[in-house]
Amino acid sequence: MQWGSDRAYDILRTQHQPLDAIFAPKSIAVIGASEREGSVGRTVLWNLISHPFGGTVFPVNPKRHSVLGIKAYPNIAAVPEPVDLAIIATPALTVPSVIGECVDAGVKGAIVLSAGFKEIGTVGAELEQQVLQQVRRGKMRLIGPNCLGVMNPHTGLNATFANSMSMALPGKVGFISQSGALCTAILDWSFHENVGFSAFISIGSMLDVGWGDLIDYLSDDPHTESIVIYMESIGNARSFLSAAREVALTKPIIVIKAGRTAAAAKAAASHTGALTGSDAVFDAAFRRSGVLRVKSIADLFDMAEVLAKQPRPKGPRLTIITNAGGPGVLAADALITDGGELAELSKETYQALNQLLPSQWSHNNPIDLLGDADPTRYAKALEVIAQDPNSDGLLAILTPQAMTDPTQTAHQLKPFAQIGKPVLASWMGNADVEAGAEILNQALIPTFAFPDTAANVFYYMWRYSYNLRALYETPVLADHGDTCDAYGNVKDERTIAETIIQQARQAGRTLLTEVESKQVLAAYGIPTVATQVATNAEEAVRLAEEISYPVVLKVFSQTITHKTDVNGVHLNLHNADAVREAYNAIASSVTAKVGANSFAGVTVQPMIDLRNSYELILGSSIDAQFGPVLLFGTGGQLVEVFQDKALGLPPLNTTLARRMMEQTRIYKALQGVRGRKAVNLEALEQLLVRFSQLVVEQRLIKEIDINPLLVKAQEISQNSLVALDARIVLHDLDITEAQLPKLAIRPYPTQYVSSLTTRNGIEVTIRPIRPEDEPLMIKLHKTLSEESVYFRYFHLIKLSQRIAHERLTRLCFIDYDREMALVVEYQNLTTQENELLAIGRLSKLHGTNEAEFAILVSDRYQCQGLGTELLKRLLQVGRNEHLTLISAEILAENSGMRKVCEKLGFRIYPTAEASVVRAEIIT
Numbered sequence: 001m002q003w004g005s006d007r008a009y010d011i012l013r014t015q016h017q018p019l020d021a022i023f024a025p026k027s028i029a030v031i032g033a034s035e036r037e038g039s040v041g042r043t044v045l046w047n048l049i050s051h052p053f054g055g056t057v058f059p060v061n062p063k064r065h066s067v068l069g070i071k072a073y074p075n076i077a078a079v080p081e082p083v084d085l086a087i088i089a090t091p092a093l094t095v096p097s098v099i100g101e102c103v104d105a106g107v108k109g110a111i112v113l114s115a116g117f118k119e120i121g122t123v124g125a126e127l128e129q130q131v132l133q134q135v136r137r138g139k140m141r142l143i144g145p146n147c148l149g150v151m152n153p154h155t156g157l158n159a160t161f162a163n164s165m166s167m168a169l170p171g172k173v174g175f176i177s178q179s180g181a182l183c184t185a186i187l188d189w190s191f192h193e194n195v196g197f198s199a200f201i202s203i204g205s206m207l208d209v210g211w212g213d214l215i216d217y218l219s220d221d222p223h224t225e226s227i228v229i230y231m232e233s234i235g236n237a238r239s240f241l242s243a244a245r246e247v248a249l250t251k252p253i254i255v256i257k258a259g260r261t262a263a264a265a266k267a268a269a270s271h272t273g274a275l276t277g278s279d280a281v282f283d284a285a286f287r288r289s290g291v292l293r294v295k296s297i298a299d300l301f302d303m304a305e306v307l308a309k310q311p312r313p314k315g316p317r318l319t320i321i322t323n324a325g326g327p328g329v330l331a332a333d334a335l336i337t338d339g340g341e342l343a344e345l346s347k348e349t350y351q352a353l354n355q356l357l358p359s360q361w362s363h364n365n366p367i368d369l370l371g372d373a374d375p376t377r378y379a380k381a382l383e384v385i386a387q388d389p390n391s392d393g394l395l396a397i398l399t400p401q402a403m404t405d406p407t408q409t410a411h412q413l414k415p416f417a418q419i420g421k422p423v424l425a426s427w428m429g430n431a432d433v434e435a436g437a438e439i440l441n442q443a444l445i446p447t448f449a450f451p452d453t454a455a456n457v458f459y460y461m462w463r464y465s466y467n468l469r470a471l472y473e474t475p476v477l478a479d480h481g482d483t484c485d486a487y488g489n490v491k492d493e494r495t496i497a498e499t500i501i502q503q504a505r506q507a508g509r510t511l512l513t514e515v516e517s518k519q520v521l522a523a524y525g526i527p528t529v530a531t532q533v534a535t536n537a538e539e540a541v542r543l544a545e546e547i548s549y550p551v552v553l554k555v556f557s558q559t560i561t562h563k564t565d566v567n568g569v570h571l572n573l574h575n576a577d578a579v580r581e582a583y584n585a586i587a588s589s590v591t592a593k594v595g596a597n598s599f600a601g602v603t604v605q606p607m608i609d610l611r612n613s614y615e616l617i618l619g620s621s622i623d624a625q626f627g628p629v630l631l632f633g634t635g636g637q638l639v640e641v642f643q644d645k646a647l648g649l650p651p652l653n654t655t656l657a658r659r660m661m662e663q664t665r666i667y668k669a670l671q672g673v674r675g676r677k678a679v680n681l682e683a684l685e686q687l688l689v690r691f692s693q694l695v696v697e698q699r700l701i702k703e704i705d706i707n708p709l710l711v712k713a714q715e716i717s718q719n720s721l722v723a724l725d726a727r728i729v730l731h732d733l734d735i736t737e738a739q740l741p742k743l744a745i746r747p748y749p750t751q752y753v754s755s756l757t758t759r760n761g762i763e764v765t766i767r768p769i770r771p772e773d774e775p776l777m778i779k780l781h782k783t784l785s786e787e788s789v790y791f792r793y794f795h796l797i798k799l800s801q802r803i804a805h806e807r808l809t810r811l812c813f814i815d816y817d818r819e820m821a822l823v824v825e826y827q828n829l830t831t832q833e834n835e836l837l838a839i840g841r842l843s844k845l846h847g848t849n850e851a852e853f854a855i856l857v858s859d860r861y862q863c864q865g866l867g868t869e870l871l872k873r874l875l876q877v878g879r880n881e882h883l884t885l886i887s888a889e890i891l892a893e894n895s896g897m898r899k900v901c902e903k904l905g906f907r908i909y910p911t912a913e914a915s916v917v918r919a920e921i922i923t
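In this text, residue positions in the sequence shown follow the numbering used here: the first is 1, and each later residue adds one.
Don't read these hints as lab results, they were simulated from the structure. Just to be clear, a hint being listed does not mean it is correct.
Cut-off 30 Å, straight-line C-alpha distance, at most; resulting in silico cross-link-like pairs (DSS-like, lysine-lysine) [unchecked claim]:
{"hint": "1", "residue 1": "K779", "residue 2": "K798"}
{"hint": "2", "residue 1": "K309", "residue 2": "K172"}
{"hint": "3", "residue 1": "K677", "residue 2": "K314"}
{"hint": "4", "residue 1": "K702", "residue 2": "K645"}
{"hint": "5", "residue 1": "K26", "residue 2": "K844"}
{"hint": "6", "residue 1": "K251", "residue 2": "K172"}
{"hint": "7", "residue 1": "K645", "residue 2": "K563"}
{"hint": "8", "residue 1": "K899", "residue 2": "K779"}
Keep in mind it's a predicted model, so treat the numbers as computed, not measured.
With these hints in hand, go ahead and build the complete structure from the sequences.
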């Protein structure tokens with residue numbers, strides 16, 4: 001079943017899109033149209049009339065009666081017909097008033113080509129805000145300013161000031177660029193390479209329409225099979241991540257992000273007038289949303305082509321066959337340097353190749369077929385290795401040698417184009433291999449001139465699969481310890497953290513003490529080492545003897561952030577004299593280095609046995625564009641030296657926590673290495689999830705460091721997972737709620753969790769759906785009758801299709817910014833297992849402020865008010881989200897749903913399909 005026909009997920013998103021006014025206009029006004037040679041106004045007008053798009057063009061110029069032989073109008077109000085799209089090519093200072101006139105005239109879309117806005121500084125940024133104020137007065141959508149324009153090659157629309165001969169070829173790639181100059185260069189390149197586009201978009205400063213809007217639009221476009229992006233800054237991070245995560249599941253999104261280095265980031269910032277953000281955080285964000293990041297422009301289009309032709313690999317292991325050793329080695333080097341792996345040949349494959357190949361073959365991967373390899377040897381070798389379960393992809397390399405037949409070999413390889421794993425080729429050379437390379441490309445086997453390029457492409461394919469895997473995997477329900485219930489509802493202990501933070505702020509502090517920091521962690525179920533404060537040497541001795549030796553003394557201060565910088569940590573103290581000596585040494589060192597006012601005593605802690613343990617770091621900080629960011633990696637005093645870290649965006653689930661861990665080098669050691677047992681990775685996952693919840697909920701926290709977080713092997717129960725030290729920094733005291741950094745990804749909406757007693761007295765919980773609900777959704781679908789399925793989906797769908805993992809993953813792992821699904825959960829008193837009795841879904845329509853709803857109730861629990869209650873709550877969600885209209889299509893014979901809608905104030909309307917009615921309510 002295709003997603004587009006599944007009313008459980010894709011609900012009427014093929015309706016009119018506001019951006020149609022820009023990409024499929026019926027009438028266009030060119031404001032600033034000119035006859036001056038080389039001017040933007042002349043070029044864009046000429047492009048429009050030279051490439052018929054099926055609409056009308058109106059030049060607007062108050063100083064001319066006609067432009068290029070077409071009647072001109074003094075202003076937009078004078079245009080005799082409604083205008084869908086206004087293209088503005090006037091000086092920046094005039095743009096706010098021009099946009100205001102367009103809004104008054106009911107223009108639906110605008111493209112501002114003019115430069116001179118935020119990229120020039122404060123004055124330009126103020127102009128942008130004036131433009132935005134005008135846009136917000138109406139329902140206009142605007143691309144730009146400071147952009148090249150847009151093309152829709154499938155309709156012939158060329159609304160750009162690119163060279164008048166440069167109309168993009170029609171194709172299947174949607175291209176979006178933040179650089180207009182790069183657009184023209186790629187356009188020129190595309191003609192030579194015969195690359196076609198479904199859309200060609202210069203996005204400019206993203207004052208209104210941003211990445212998320214365009215990704216959504218291209219996701220609905222039937223001509224677009226992949227989306228490639230040149231990005232300098234992200235703008236609205238939440239919008240981008242939300243759109244990308246949804247669309248990446250069906251259409252590859254491939255990004256080249258400028259600003260990897262500090263110098264390039266500075267150049268990008270001056271170019272766009274926007275912050276570029278931390279490059280490592282961008283990597284984390286792209287992984288989180290299923291986006292593939294590449295390093296070069298060539299990679300952008302290589303990957304768009306390859307992902308359209310070949311399946312994604314299930315792992316990083318590549319098998320290489322070649323008729324020359326050198327190219328095979330080069331491919332292996334490129335693969336392993338990137339992070340891929342050479343497949344280890346299975347015993348069966350090894351034996352089969354021994355029987356097939358000359359005795360001099362390489363007996364290893366890369367598989368050297370030798371220089372005299374004929375087409376048959378290539379084909380038989382591929383047939384063998386294609387069956388090897390240890391291989392995730394194949395690369396065939398051919399160099400033209402005396403015995404080689406590149407063309408016939410290509411014919412022999414055609415049957416391997418679709419074998420369930422990716423097959424790539426590198427036909428090295430020029431004229432001798434050209435015909436063979438064309439045969440392979442036509443057979444959907446991507447072919448490259450050089451083997452290292454092909455190996456890089458395979459690794460990118462694996463990276464894309466890896467990024468998507470986190471979106472498809474069903475996580476384990478997080479264990480919140482004793483701090484909250486299964487739905488994330490805060491228990492009383494959680495308020496301890498808020499109290500500690502507020503008390504510090506009331507005292508005028510933005511730095512929590514170590515003791516306070518550990519109390520905050522403990523409130524979220526993160527184990528900490530017992531810590532007590534001593535204000536003199538004798539008290540320190542007393543506490544040490546109560547704890548039992550050996551102990552650790554650390555400086556206790558309300559101002560010192562890094563204890564080791566002031567010699568404020570003394571380890572492994574075995575007796576009273578050592579404690580007294582350590583206390584005095586810390587006091588003297590602190591006083592000498594930062595002053596006596598910074599010394600408030602010491603903390604006394606048990607000395608944890610560090611043998612067979614690993615020191616990790618877990619932390620969070622604020623990124624200028626993405627808000628709170630999580631960090632995990634190798635900890636200890638040399639954390640800055642090792643630089644072994646992974647970044648992630650909160651909130652986490654167990655799958656995402658494991659993905660963060662997998663990005664680090666220490667992860668291999670945590671799995672067990674050189675005789676050491678593996679640590680409890682599941683417990684570590686759960687701790688990361690709880691830590692991310694702390695970051696999500698306590699928004700006044702600016703930075704957290706747990707360093708070290710000590711982990712030991714699974715069989716060591718005592719202190720196998722414990723925070724030895726912690727530091728928490730709060731935001732400035734004068735910061736307001738509105739100024740606090742916002743999360744890039746909307747967290748689980750606990751405000752919609754509540755209990756309900758049904759008509760027959762059953763106690764249930766109504767809550768937003770979670771990714772972990774997939775098993776419960778399977779049980780729910782097994783309870784549905786054919787009638788319930790028919791009423792819900794308008795046709796019968798097999799159970800196997802309804803409970804398919806990829807489908808349910810998309811229904812359970814939702815973006816709460818885009819849709820809300822409320823489930824009714826009940827604990828069966830007989831089985832003591834949880835069940836879902838019903839589900840209601842509210843999904844926003846792309847590019848609008850409207851949403852559609854759907855309700856599904858288990859047959860056994862129908863007629864108990866669950867459908868009415870769910871719809872009532874979905875309406876409240878819609879009001880809270882400031883939606884303007886909520887609707888649904890309902891089978892006319894579904895009288896029960898119609899009655900529920902009417903009872904809650906919906907109006908029922910007939911549709912073009914006699915068997916279907918439409919329910920609408922204005923919120």
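Right, here's what the structure says about each hint:
1. K779 with K798: With a Cα-Cα distance of about 14 Å, the restraint between K779 and K798 holds, given a limit of 30 Å.
2. K309 with K172: holds, 12 Å
3. K677 with K314: It holds: about 28 Å lies between the C-alpha atoms, which stays within 30 Å.
4. K702 with K645: Holds: K702 and K645 sit about 19 Å apart, inside 30 Å.
5. K26 with K844: Holds - the C-alpha atoms of K844 and K26 are around 26 Å apart, at most 30 Å.
6. K251 with K172: Holds. K251 to K172 sits at ~11 Å (cutoff 30 Å).
7. K645 with K563: holds, 22 Å
8. K899 with K779: Given that 30 Å is the threshold and the Cα spacing comes to 27 Å, the pair holds.
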